[in-house]
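Number of protein chains: 4
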Amino acid sequence: MQVGLIGLGKMGFNLGQNLLDNNHSVVAYDLNQKAVKDMNKLGAQATSNLEELIQSLAKPRVLWIMVPHMVVDSVLSEITPLLDEGDIVIEAGNSHYKESIRRYDELKGKGIYYLDAGTSGGMEGARNGACYMIGGDQEAWEVVEPLFRDTAVENGYLYGGKIGSGHFLKMIHNGIEYGMMAAIAEGFEVLEKSEFDFDYEKVAKVWNNGSVIRSWLMELTENAFSKDPKLDGIKGVMHSSGEAKWTLETALDLQAATPVIALSLLSRYRSLDTDTFNGKVVAALRNEFGGHAVEKA
Amino acid sequence: MQVGLIGLGKMGFNLGQNLLDNNHSVVAYDLNQKAVKDMNKLGAQATSNLEELIQSLAKPRVLWIMVPHMVVDSVLSEITPLLDEGDIVIEAGNSHYKESIRRYDELKGKGIYYLDAGTSGGMEGARNGACYMIGGDQEAWEVVEPLFRDTAVENGYLYGGKIGSGHFLKMIHNGIEYGMMAAIAEGFEVLEKSEFDFDYEKVAKVWNNGSVIRSWLMELTENAFSKDPKLDGIKGVMHSSGEAKWTLETALDLQAATPVIALSLLSRYRSLDTDTFNGKVVAALRNEFGGHAVEKA
Amino acid sequence: MQVGLIGLGKMGFNLGQNLLDNNHSVVAYDLNQKAVKDMNKLGAQATSNLEELIQSLAKPRVLWIMVPHMVVDSVLSEITPLLDEGDIVIEAGNSHYKESIRRYDELKGKGIYYLDAGTSGGMEGARNGACYMIGGDQEAWEVVEPLFRDTAVENGYLYGGKIGSGHFLKMIHNGIEYGMMAAIAEGFEVLEKSEFDFDYEKVAKVWNNGSVIRSWLMELTENAFSKDPKLDGIKGVMHSSGEAKWTLETALDLQAATPVIALSLLSRYRSLDTDTFNGKVVAALRNEFGGHAVEKA
Amino acid sequence: MQVGLIGLGKMGFNLGQNLLDNNHSVVAYDLNQKAVKDMNKLGAQATSNLEELIQSLAKPRVLWIMVPHMVVDSVLSEITPLLDEGDIVIEAGNSHYKESIRRYDELKGKGIYYLDAGTSGGMEGARNGACYMIGGDQEAWEVVEPLFRDTAVENGYLYGGKIGSGHFLKMIHNGIEYGMMAAIAEGFEVLEKSEFDFDYEKVAKVWNNGSVIRSWLMELTENAFSKDPKLDGIKGVMHSSGEAKWTLETALDLQAATPVIALSLLSRYRSLDTDTFNGKVVAALRNEFGGHAVEKA
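Chains as they are written, first to last, in this note's numbering: chain A, 28 to 324; chain B, 28 to 324; chain C, 28 to 324; chain D, 28 to 324.
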């Protein structure tokens with residue numbers, strides 16, 4: 028199937044290769060023309076701007092957008108005037124599901140189909156077999172399903188129903204991911220502070236073989252310790268990219284109690300601070316009522 | 028290798044079969060003589076009391092205790108007087124690591140070896156390939172290693188070093204398990220309260236194929252939903268068996284911040300209450316200062 | 028000073044009395060004309076619609092809006108066309124500070140001043156001495172300051188600076204309030220589950236006399252227990268009115284780690300559920316891997 | 028009433044003055060003889076060792092122990108052999124309530140009364156009017172009640188019943204205190220990270236006048252900011268002295284869900300770390316699956 032691929036970053040480039048491996052015809056575009064050339068060498072048709080991309084595609088067109096979520100609206104505003112009724116736009120980045128619903132409504136008015144697809148599995152998944160969650164109109168879904176089936180691992184895609192369901196599932200997936208990562212990390216924190224002297228790579232390895240907590244994240248933990256046994260080379264600063272925040276905000280809107288997901292996120296925020304104002308307040312209060320010494324800044 | 032197996036419950040019986048499958052010679056005892064007979068039919072030597080068990084074993088004896096952690100001291104007090112210098116006792120239940128260190132010290136004085144082994148993987152693991160974490164004196168470990176190697180999955184055992192390290196690793200494993208389970212469960216809670224209508228078995232399935240959160244616990248989630256799509260048949264009451272509590276208590280002793288593990292445990296406790304006194308206090312206070320209506324009991 | 032008071036609910040009516048007591052001239056309006064009549068009997072000028080209210084005020088007009096935050100925009104859309112350059116609108120309900128900034132910007136274009144005022148102290152405070160936090164243009168603030176000075180307790184008002192600062196301070200105040208209430212309530216929860224048999228009114232009383240945790244909330248706790256010693260008459264269902272949610276959402280936007288405020292809110296949400304889906308998932312998982320019994324629904 | 032006062036530290040010395048002010052006869056002892064001399068100048072009888080102290084007291088003796096909780100057993104082991112049936116020992120430090128029950132049981136066997144008293148209000152309270160929670164046998168309580176009545180603020184003491192209840196109430200008091208302090212501190216953390224520029228002393232002041240969150244802790248917050256407007260001089264390192272940890276451990280034993288108290292404690296522990304191992308693990312995992320950059324140590 029012919030597909031117009033917009034975005035050849037870490038995820039998009041790997042996906043392009045994956046599509047080509049599966050005998051799909053890829054027409055590629057990225058602001059970074061170096062990436063477009065590299066993709067072209069692998070068999071994709073190169074284009075130098077979005078207009079050229081749109082005009083290179085047979086109708087009804089199928090477009091796959093794989094760009095940072097802040098850029099989606101800008102891409103859409105450029106391509107929408109060039110699209111025709113019946114074209115299908117897949118947006119497979121990490122957008123907020125409410126944004127996807129809004130974009131769907133906007134394109135719907137012009138007879139253009141819009142599917143929202145959450146993609147999991149990291150870069151390696153994009154290259155060799157990803158995991159997809161997709162939402163949108165069923166008639167459009169049925170057209171593009173082969174693209175997902177071919178680039179996913181076996182059983183690695185789910186059509187979740189109406190628009191927004193794809194990014195909603197991906198958002199919740201990431202919320203769970205934050206909680207799982209925090210649980211693993213806290214466990215190793217206690218090991219590190221304990222009286223024992225464990226080889227963490229071996230610990231992660233044994234937990235990956237037969238235990239209740241065996242998981243891909245624990246395998247990655249094993250990998251990480253195999254490279255740096257005590258992680259001495261890196262700082263414990265935990266950045267985040269938004270989806271767990273959205274999960275928590277959604278939970279608040281739904282009045283769903285999700286303390287573990289909440290704390291996995293707040294712990295990341297805390298790690299960004301080298302000192303905290305709330306800590307100063309507590310230290311000052313202890314000094315006020317009990318005369319407890321404070322540490323000077 | 029000949030091993031005296033004490034305890035033929037859910038875990039011990041399965042382990043006995045596993046040992047027999049791997050050509051070890053099992054001398055079995057349990058208070059429940061029905062279980063002993065069943066084990067005997069599978070090839071184990073039956074004994075009707077602990078004294079008979081001890082006397083049936085060649086010296087140096089190897090004993091494997093697989094009983095609830097509250098019963099370990101009682102078993103030890105009965106068998107210790109019958110044991111000889113150089114005998115090896117393996118305790119593979121869910122004991123607190125400090126208890127294992129204490130028991131080790133007590134048996135050490137009599138020249139008896141004591142190994143603490145944490146066992147993960149559930150009943151199926153015990154039967155077909157478990158995951159073990161073991162602590163204690165290395166010279167004893169080297170004698171009994173074949174028992175663990177043969178009944179574990181490949182790479183599914185780790186000698187963690189000094190006494191206590193086996194149960195410590197298992198304790199932390201369970202702490203992580205609580206956090207992971209809570210993360211998964213909170214994710215589905217948000218799905219359930221959302222505007223979407225997902226098939227949870229399919230959701231768990233897609234997350235098990237290629238996603239970042241693929242894991243054995245997610246596979247079990249898939250199994251659970253395959254049997255009861257909305258879990259309508261069960262109550263959300265979450266019991267606990269102690270190890271996550273020990274993990275948190277240990278974290279407190281070590282001044283390790285483990286909010287996710289803490290909240291995964293407190294959420295379980297909360298689920299045991301149908302109403303809460305703290306809720307009454309907050310409701311009463313809102314009424315006091317703001318005139319907000321309370322719900323009558 | 029003459030002031031047009033819009034909204035005679037629990038808070039607005041008490042405030043009206045407070046203004047009258049302090050020799051301010053109140054022109055009152057509420058959809059509920061019964062409340063308007065009652066206010067009139069106390070000395071206020073009654074009006075039967077917003078147009079009449081606006082026309083009854085001398086220019087530059089001072090308006091004080093005391094309505095639920097969902098209704099503010101509707102009131103503003105009705106009165107704005109009737110206002111003149113230099114008029115001053117005070118909005119003293121529980122609006123989101125970003126809404127106040129937006130409204131300020133809208134009225135600014137028409138030369139109308141807009142002040143946002145957070146009000147604390149409950150109904151009794153509104154009647155006898157409230158606590159105010161106010162934001163907006165300083166020149167408008169200086170005109171209306173007497174209204175706040177006269178109806179607040181001594182030192183009970185603060186001009187916080189630019190628009191939004193009033194409702195921002197009130198929002199944070201409520202976030203702290205949630206945390207404090209939860210802390211008190213959790214303490215009594217442990218007392219209630221303990222082996223001791225305390226008289227909670229006496230406990231709250233002693234904690235109000237000389238202890239570190241003496242506070243108005245503890246006094247209210249004492250009051251509540253004096254009326255219902257074990258709070259047997261009420262359910263532990265904890266509703267919430269939005270400000271702690273806004274505090275947490277703001278904290279997330281600012282990447283500020285506020286675990287205590289987060290959990291005080293999530294505990295309220297949890298109390299709204301009699302059973303939880305996340306609990307079902309955890310119970311099902313325990314059954315899957317360990318054969319632990321579930322409770323049937 | 029004559030009382031033997033053991034321990035003249037920050038709390039004990041102030042209490043001694045308070046007792047003298049109220050016309051009680053104080054026989055004082057401390058390892059630090061300088062403190063004893065100072066107390067003597069104020070009117071107390073000085074003693075140079077515990078034996079002398081005991082022999083200086085009329086029978087039945089009343090002893091008030093005000094020493095760090097780690098030292099209580101050592102003091103008791105020294106004085107117990109010197110005491111007689113009917114003597115009364117008050118222990119008013121921050122002991123764990125289970126320790127108080129154990130000590131009571133030990134002294135009970137010798138006919139000696141033991142009362143456990145929790146003391147709140149800080150140093151100033153000890154000097155001018157403290158808050159006490161007391162447990163133990165009622166007949167002993169009735170003898171010594173005047174000591175508490177005279178040195179407490181009005182209504183500032185509560186006999187809670189059986190032994191342990193005094194320190195239990197004090198423990199819970201401190202758990203609540205931790206939660207309240209954390210709530211206040213988190214609120215100011217959000218203010219500090221916000222777009223506004225508040226004067227924190229004024230904020231704390233307005234919140235102390237008429238607001239729902241007015242409290243002694245907020246007054247202390249005001250004091251602290253009056254001395255150092257942004258707390259620039261101190262670090263946000265929050266030490267703890269044990270009682271909130273005991274509260275949480277007790278809550279875990281009672282299966283009481285106390286998330287706010289738990290997090291107020293874990294946040295303190297987190298503040299002791301300049302970097303965290305759990306943060307390293309999460310950062311490493313993000314790098315493993317998503318190629319997200321880590322910060323180098």
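No lab work stands behind these hints: they were computed from the structure. Hints are not guaranteed to be accurate.
Which copy? The list can't say, so a pair holds if one copy fits it or any two copies do.
Below, in silico cross-link-like pairs of lysine to any residue (SDA-like), each with a Cα-Cα straight-line distance of 25 angstroms or less [what the hints assert, rightly or not]:
#1 LYS86 x LYS220
#2 LYS257 x ASP300
#3 LYS323 x LEU103
#4 LYS262 x MET97
#5 LYS262 x VAL180
#6 LYS254 x ASP100
#7 LYS64 x HIS51
#8 LYS323 x TYR186
#9 LYS262 x GLU79
#10 LYS37 x ASN182
#11 LYS229 x LEU281
#12 LYS189 x GLU172
#13 LYS86 x LEU134
#14 LYS232 x LEU69
Status of LEU103 relative to LYS323 across identical chains (alpha carbons, at most 25 angstroms): Close neither inside one copy (54 angstroms) nor across copies (38 angstroms); limit 25 angstroms.
25 angstroms Cα threshold - placement of LYS220 relative to LYS86: neither (62 angstroms within a copy, 39 angstroms between copies)
Homomeric proximity label, LYS257 with ASP300: Cα distance no greater than 25 angstroms: Cα proximity of LYS257 and ASP300: in one copy and across copies (22 angstroms, 16 angstroms).
Status of LEU69 relative to LYS232 across identical chains (alpha carbons, at most 25 angstroms): neither (37 angstroms within a copy, 33 angstroms between copies)
Intra/inter-copy verdict for LYS262 and GLU79 if alpha-carbon distance must be at most 25 angstroms: Neither: 45 angstroms inside a copy, 58 angstroms across copies.
25 angstroms Cα threshold - placement of HIS51 relative to LYS64: within (18 angstroms within a copy, 63 angstroms between copies)
Status of LEU281 relative to LYS229 across identical chains (alpha carbons, at most 25 angstroms): For LYS229 and LEU281, the Cα distance is within 25 angstroms only across copies (23 angstroms; inside one copy 41 angstroms).
Within, between, both or neither, where LYS323 and TYR186 count as close if Cα-Cα is 25 angstroms or less: For LYS323 and TYR186, neither the intra-copy (57 angstroms) nor the inter-copy (32 angstroms) Cα distance is at most 25 angstroms.
Alpha-carbon proximity context of LYS189 and GLU172, limit 25 angstroms: within (15 angstroms within a copy, 54 angstroms between copies)
Identical-chain pair category, LYS254 with ASP100, by Cα at 25 angstroms: Answer is neither; intra-copy 40 angstroms and inter-copy 42 angstroms both fail.
Identical-chain pair category, LYS262 with MET97, by Cα at 25 angstroms: neither (28 angstroms within a copy, 37 angstroms between copies)
Up to 25 angstroms CA-CA - ASN182 versus LYS37, copy category: Within one copy only: 23 angstroms inside a chain, 33 angstroms across chains, cut-off 25 angstroms.
The structure is inconsistent with the numbered hints 1, 3, 4, 5, 6, 8, 9 and 14, although it conforms to all the rest.
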